[in-house]
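Turn these sequences into a full structure, and let the hints guide you.
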Amino acid sequence: MTYAYLRQLSDNKNMINQQNNILSFALLKGLNIDKEVIEYSNTNREIEDREDFQKFIHSLDSGDNIITDEIWILSDKVDEIIKIIHCMLSEGINLYISSSQTIIQSNSTIGEIFPLLNSIREKQKIKENKIGRPKGSRSKSKFDSHQKDIIKYLVEGMNVSKISRKLGVSRSSLKDYIISRGIKEMISSSFLEVSPLINDQSMDNKISICPFSDKN
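All residue numbers for the sequence shown refer to our numbering, where the first residue is 7 and numbers rise by one.
Honestly, the hints are just simulated from the structure, not real lab data.
Just so you know, these numbers come straight off a predicted model, no measurement behind them.
Yeah, the Cβ is synthetic: ideal placement off N, Cα and C, and Gly gets one too.
Heads up, some of the hints might be wrong.
Derived CB-CB ranges, DEER-like [to be verified]:
1. Gln107 x Asp40: 19 to 29 Å
2. Lys131 x Met7: 29 to 39 Å
3. Glu191 x Ser30: 15 to 25 Å
4. Gln25 x Val175: 31 to 41 Å
5. Glu128 x Leu29: 19 to 29 Å
6. Glu162 x Ile185: 25 to 35 Å
7. Val43 x Lys131: 26 to 36 Å
8. Tyr46 x Ser68: 22 to 32 Å
With a straight-line cut-off of 27 Å between C-alpha atoms, the simulated DSS-like cross-links for lysine-lysine are [as the list claims (entries may be wrong)]:
9. Lys158 x Lys190
10. Lys146 x Lys129
11. Lys131 x Lys89
12. Lys168 x Lys181
13. Lys181 x Lys154
14. Lys131 x Lys146
15. Lys146 x Lys158
16. Lys146 x Lys181
17. Lys146 x Lys89
18. Lys131 x Lys168
Encoded structure:
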């Protein structure tokens with residue numbers, strides 16, 4: 007079955023926008039939505055306390071699809087998103103993110119998953135900043151539009167020179183951008199978190215992979 011997952015949060019986009027974006031994405035991908043699931047909870051609740059969300063995850067079967075508008079609708083905490091993705095992959099569930107046109111499934115690469123985690127980190131930093139541009143904050147860069155590809159290539163082991171040639175940009179400018187954004191450091195810290203999603207999905211590890219899941 008294919009589920010549209012929506013979450014009503016007072017401080018985020020309304021559900022009509024979520025519905026429209028999900029429906030447009032489903033139409034584009036040729037997916038028929040069988041059921042719409044709506045969760046009502048605030049961002050302060052830990053995933054272990056979101057009983058409705060847990061029940062929904064527990065009800066899914068291998069081969070089921072979940073479509074949501076943005077990754078942070080599932081959770082705005084990186085560690086919780088990692089748990090959720092672990093659970094879905096270990097159960098054979100496919101996750102579709104309409105805003106980024108991303109599909110996460112058993113054959114997904116780390117390079118495809120990391121930008122989603124990075125987007126949550128960036129969103130959290132914005133929330134923590136004061137209104138307006140704080141002193142010393144970074145400005146926009148022409149490389150921002152390439153960030154997803156830059157991260158993907160770095161995760162795949164490509165060096166800066168090769169990436170600059172592939173993108174048709176200056177090597178020195180690209181290197182400065184990677185350093186200023188701390189991209190390599192973020193990848194290094196996240197690799198240990200994300201790599202088990204790709205490298206270890208055996209049934210023997212399901213308990214550790216999915217700590218809040220219990221279908222018994």
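- List of violated hint numbers, smallest to largest: 3, 6, 17 and 18
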